[in-house]
Amino acid sequence: MSDAALLNVVLYLPVLGIPLLMAAPHAGFARGVSLAVMMVQFLLTALLYARFDGAVEGLQFETRLPWIADWGVYYQIGLDGYNVLLVLLTAFLGPLVVAGAFTAIQKNVKLFYAVVFFIQFTMLGTFVAQDLFLFYLFWEAMLIPMFLLIGIWGGEQRIYATLKFVLYTAFGSILMLAAVIYLVYSINQTTGITSFAFADLYRSQLPLSVQTVLLLAFGLSFAIKVPMVPLHTWLPDAHVEAPTAGSVILAGVLLKMGTYGFMKLGFPLFPDATRLLAPEIMTLAVIGIIYGACLALVQTDIKKIIAYSSISHLGYVMLGLISIDLLGIQGAIIQMVSHGLTAGGLFLMVGMIYERCHSRELAAYGGLAKLLPLYSVFFMILTLASIGLPGTSGFTGEFLVLLGAFNSSWHQYQQGAGYPLVLSVGAVAGVVLGALYMLWFAQRFLFGGDKAPHRPLADLNLRETAILGAIAASVFGLGLFPDGPMQKTELAAKQYQELVRSERVAGAPPQQRLVATEPSTGSAP
Amino acid sequence: MSWQTVLTAMLPEHLLLAGIVLLICIEIASSRPRGSATVSLLVLTAAVVAAAWLHYDGYAAAPFAGQYSVDPASLLAKAVVLALAAPVVLLARDEFEHSRFYLLVLSSLYGVCMILSADSLLTLFLGLELMSLPVYVLVLLAFRRPECAEAALKYLVLSGTATATFLMGVSLLYGASGSLAVPTFATALTSGADALTSAAVVLVIVAFFVKAAIVPFHTWAPDAYEAASVPVTAYMATVIKAAVLLAVLRLFGTVPLSRPIIELLAILPLVSIVWGNLAAMRQMSFRRMIAYSSIAHAGYLFYAFLGDGPGRFEAVVFYVLAYGLMNLIAFASLPPSDDDATRDHLDHLRGLFHRQPYAAIMIGIAMLSLAGIPPLPGFIAKFLVFKNVMAAGYTTYAVLGLVASYLGIYFYLRVIQYLFMSPEERAPEAGRGLALGAGLICLVPALLIAVLPGWVIAYL
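Protein sequence lines correspond, in order, to chains E and V.
Residue numbers are given in my numbering: position 482 of the first sequence equals residue 482, and the series is strictly consecutive.
To convert, take the position in the second sequence, counting from 1, and add 1000; that gives my numbering.
So here's chain V without its partners, still in its complex pose (with noise of 0.2 angstroms):
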């Protein structure tokens, strides 16, 4: 370990470490904090040229041996997620003015940035850790209504069950084979014969579970995603569910399943896709029904890792990222509303193509794209799982997850119907200029998807 790679390995992280201090002293410093959105804004963008100039550069090392390590895949990801975060910040500025927001996201992608580098399951921990507990207090951080405060505490105590579970399984694991290194994990879930390693497989699964929103461990979602504001919700939409399942693809590496944990890995993935999308049918209230929406895609996204090792990560990268970049562009393209609940409510979206015909098209887009609609970036992805399920052999699996996804298309036409299809009720109106630049900065890399699926995949 030299002190050169910590520098450079970590460059990222350096990046976001400096702009936390910055906006530290800042919030000291003035009583009107007004710049920091822009500095959290640049930050950001630097953390992920770095991480893609590393990327690209083929950079691996481990500054720290055992703990924390680097390479060219890890490096990817790391961008990827930044990234995502990006317009996230630019829809936060138009509700959060305080720096503290951009704290709490800042320091949650330093956590989402050590479990994408963890070698170690404590690292891993730490930086779940690091992840999670800013989001406890965004959920927060809007607070409206007295359900908010029900809701941040529901999502604390499950998530923090989820930690307890994790801390067990790895505690299990290290009993079973004195090691506390990622791979070990992987082994285990070769090997996992004897019933100490199993449980440890299981509880540490089930631990992500709770954390990716699989049914029945799913609960918490759809509160704290109703209960927090728009900027917030679409974070844990998009920046938590891709750091959970890469955490998840971090763990399970390469290797190939063994049976009782594919059944594990199918069956309750499968129950999500199917609650989601019939929960979603019921729902008024828009984030509530993402937060099905995004329950039912936990699931897909675990269906990618019965796929074969090597595929996991294309499909897995692949999908987080146009999932999360169809989320962002409904989330920038939401009509905005003095009351919070009113600009919630679907029927808020009724007749929006006569207000802002552009926000309308957008949200459009995001839905069939989220629906798996060909040919939006949503279909290349949700193709690219199942097809490594079915190559994998697992025909039943992919067939009733394919027939389960079915399920969503209506809510997700639902709102194209109130878009579209409801009479003009009030004048035009004037969008959210930077909410909707941010959904369009969204767009243009979910077209490239669209029409470059190829090239995008090659890349992987």
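Next up, chain E with everything else stripped away, as it sits in the complex (with noise of 0.2 angstroms):
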């Protein structure tokens, strides 16, 4: 089989996995057959990922067939270094998630995994892409199945949850929808080809007020998603009540998508108008550095405390893709993989722990060490890589980004510009913050006072050992051995810098022949 044809396999592979989950005898079956699913998805794309080639450029792995030929719409989907990461991180996540829900899902179980199953496609197919038709398709089609996600399998506040969450989102699509129309019959008029494939809408030249409001557009819907302050109250009800699943999926690879749609379109589609809001952009993320990091101090509920610190987390991504230097973007790209690993990795064990005590109220816990402390040792990997401790994905990502930011802001500097350098200063602090928040969080939870219920807890079993173990290698893997996910994605943040740095504003030609042809309008827009 051909690699095209595996990473189709790869992507459909879910779906097929739905009539099997349909027509399964009973729960236990169900379980089985969606675990079994999911590790043939990961081995298939980690074989996918040992064969691409991070010295070619463009798309690997191509699959490119009309679709709907009349618009210029193309089945086009392909590993490049912006998605190879975030699929595997993706096909990662899918055993993991499923493993993780097989005693705290007990009800509609063959329904709970087909949902799991559309949404691992749905966002695998929003990473591989490569027309924006079939991203948006992809992109708004995920939508229902978290709706139901949340909406069945949540918490008591489930519904205003999940409603608030398809609200948020819906809202920041349906400009991207308009965006997306006009982006591509815009185009259209100057030069009368109808394409929606990506490669095709890098070359277009919009005027600087176009790209403005388009980036907007775009920009609104994926900062929802990250999502970056002040867009982000759907993200801690949606995390608080979603089931572990939820949570996981949310964290680990939903939010991605808002900085992938970021890294992958806002920014390159739009190069000059980003530039011209890179300082109130750069803003945004150091107030979600920071904020988040706030947030996530004083919470009292487990998740919440994880959730806000999500906010943080992906404003390191942002600040990575806004600075345009290669070693920040390469850490902006390092950090989603790191955070998904990492939050994904938190959420299991807080659905861990909830199975046994079954709270979430941080007040409720303290000295699980002595109790649990298989669990803590597992806690603790995952509360230092969150706060980035050198050794691990954490750390690689935080320190790439900084040193970018840093990098950048220093020559702005250079230029008479300050603004960006303050900014960089403190996004540190976050990281100070950052520390304080997850130390004092498992200081209380693991250590402080003997609260933990008098009564014997299990320790981690074979199943969650393995699962946590599974997060706790890739987690040190990434951090010791970063050279090899970073020279898959070299060519990318090249290829993204030189985007980002070009001037594609729409040239004077056109102008000068508006004017020459209709003198009575004057200056051309």
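None of these hints come from the bench; they were simulated from the model.
Possibly wrong hints are sitting among the right ones.
Part of the chain V face toward chain E, derived, beta carbon under 8 angstroms [said to hold, decoys possible]:
1. PRO1374
2. PRO1375
3. VAL1403
4. SER1405
5. ILE1409
6. TYR1410
7. GLN1417
8. PHE1420
9. MET1421
10. ILE1457
Note that the structure is a prediction, hence the values are computed from the model and not measured.
Glycine is no exception: its CB is placed at the ideal position from the N, C-alpha and C atoms.
Got two chains here, each in a separate frame; can you build the complex from them with the hints?
See the structure below:
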């Protein structure tokens, strides 16, 4: 089988698994089937990852078929440096999500795994799509299974939380849809070509005002998903009410769809507007880092602490992307994966303790280190990775992002703009705050007084140890050996840098022509 | 005009007429007519096949020159509308044993066919009336509550007003141009300089706004939809709505629109989208909710006329097809109940997933598609409409329309919430086989549209 076909198999495997699930005679069988499907998907993705050549520019394993020929829409998918790590992360978290829900989900088991499969399909589709129409299709289709996942298996306020999530996200999407249509047809009017392919859109020439409006429309949709302050208010509700699997998917992959959107579409499509708005975007990113950390500091609900820490960590990703510095961009990509691993792992661990003690209140816990030694070890590993201890994935990501941010802001400082430098210093303060809230959290949770329920608690069983072991291993792997992943993403980071630095304001020639043919219109827009 | 042309060109109509005669004979001959549903289903299938075959053959003829003509496009539209009516008949088999229902539906469909082939405004008028008159009776047919009579009367009076408005417009147009041919209207649209022609154009458009339930001429729709029984509501929401919009399409043709008409065609439909979506949020009656949803969808459909000429046919037919299929799926999957008011209440849908999982999934798919969420057909249809509006340069209207469509997401999601997120209360029950079958029949083409939209669009 060719590699391109293999990528399609990876993408559609979860969908093909849904009928199998529906035919499952009982819940146990459904669990087994879904774990098997997810494992196969991960192994195939790992194979693709191994075969992915970081030295080749552009798409690999590409499939391109006419889909809606009349509109110039192609079914085009493929791997490149932008998405290869995120696809691997998604496929990696799949089996863990499924296995993590074995005991937690007892209601509507078959539907649960079908929904998880559908989410997996749409998330992978969003990452591999290379056609804007296809991207939008997957992007928006992801709403529905997520709506069901939180709404059916969530906590007490689940309906409120899930509606809030969908209505927030859909509002961004509808404006993005308008922007997509406008973008494609305004290009059509100047060049006569109707194409939704990313590669073609990267060559677009648009006036600065149009670029700005379109960047805001795309950016609103992506910023809601990241989420960037002040559009983040759906996130704590969704995280707290979602079942463990939902939280892991949300934190692990879904939030990265927002940053991926900025990296693949928002910034490179509208480079001039991006550079114009860079200080504002950078400000929002740093506000997110610090504000998220401050909010995480004062939460009493365990899930909310991790939810707000996500806002802070994704602020680093945005900072790295907007620095337009090679190291910063690569750091942002690593940080995305790292946050997927650590936040996903921490939510899984919260789920495990919730199954045992049925409480998410931090005040109900304390002294777990004595009761659950193995659990505590894993929890500390993920906590330290989240802080960014050298040797873990968190360090690689955050360090590179900060390096990139300083690099670019120092450059700007020399040219007379001191503001970015101030922001970069602020981002460093976020690192200190991050250490503060995570360590304080771990101290109260694992070590503080002996508040734990006075009954013996079972430590991690084999299944849970395997799940957490896999996550811990990848956290260290990415921290100690970041070379491999960085080589695979290097060319993409360079391409992103070139694209965002390119001048693509609709040039003088068309304006001159306009003025020449219609002198009465005066200055053309 | 030769008899052969009349026979061939009007084959779908002849088949419908034969069905009507046959049903009358059955009604007279037998005291307990049983096979009327089967007969009408067979007749409908034959008519669809005939229309599709003639379309495929590229047949074009004018059996009555200046009054009645067929071409591949109109045959395709006929095939689509008649095919949408077939599941309605399947749905009705559980509700109406008497042949009256089928007689009325077939007569109404004959009117639809006339509209789609009309070359003169008078033929169009005849078609519109023939289509509407049986529906007034249909609304009243399952007379259950006194409100039904009120709703039917309301519909009759308002629809009658629309007819009068239409005739007024037509006569003004005749006075201005001296012609009753359909293209006269298109010419009037482009020129439209003098007051007489402008008044004629506005009157005709307003008449169609009433028939399609565009705000502020929509008040009959929620009442009529709620009062009628499920198959009749399904018929009104799909076939009648489709026929009215296709009639507008026939009138407008492919002419580019001039400025004042654009405003009329953009603002009222926009208000419809907003109001339909907002009002639907508060409804607890399923059919009433669908009525408001159909008011919003009529808005999207009129938006299609803002686009450039050649794209209109594609957009309207695709939209009507996707929208009709989804409504039919939803109506076919509604769980049965002894009491119509209970059945219609949204509470009846609570926890349906635990009682009838497949019916719940079908209604869920229908709602998401109506909300325009990809990858379902409703999204492609909406994309097609807004793409044309945007490409024609009406960016502001397109953006406003899209934002207004966002308002509609909530009430469709509320249905999903009722279906899937309420605790199970009752034991699992069996669905009605025939109705669910009708739903499945609609699901297959709907999924085809979702997976291969390019193929369908290229065909239109």
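Here's how the hints hold up against the structure:
no.	hint	result
1	PRO1374	holds, 4 angstroms
2	PRO1375	holds, 5 angstroms
3	VAL1403	holds, 6 angstroms
4	SER1405	holds, 7 angstroms
5	ILE1409	holds, 5 angstroms
6	TYR1410	holds, 7 angstroms
7	GLN1417	holds, 6 angstroms
8	PHE1420	holds, 6 angstroms
9	MET1421	holds, 5 angstroms
10	ILE1457	holds, 5 angstroms
This entry satisfies every hint, going by the numbered hints stated previously.
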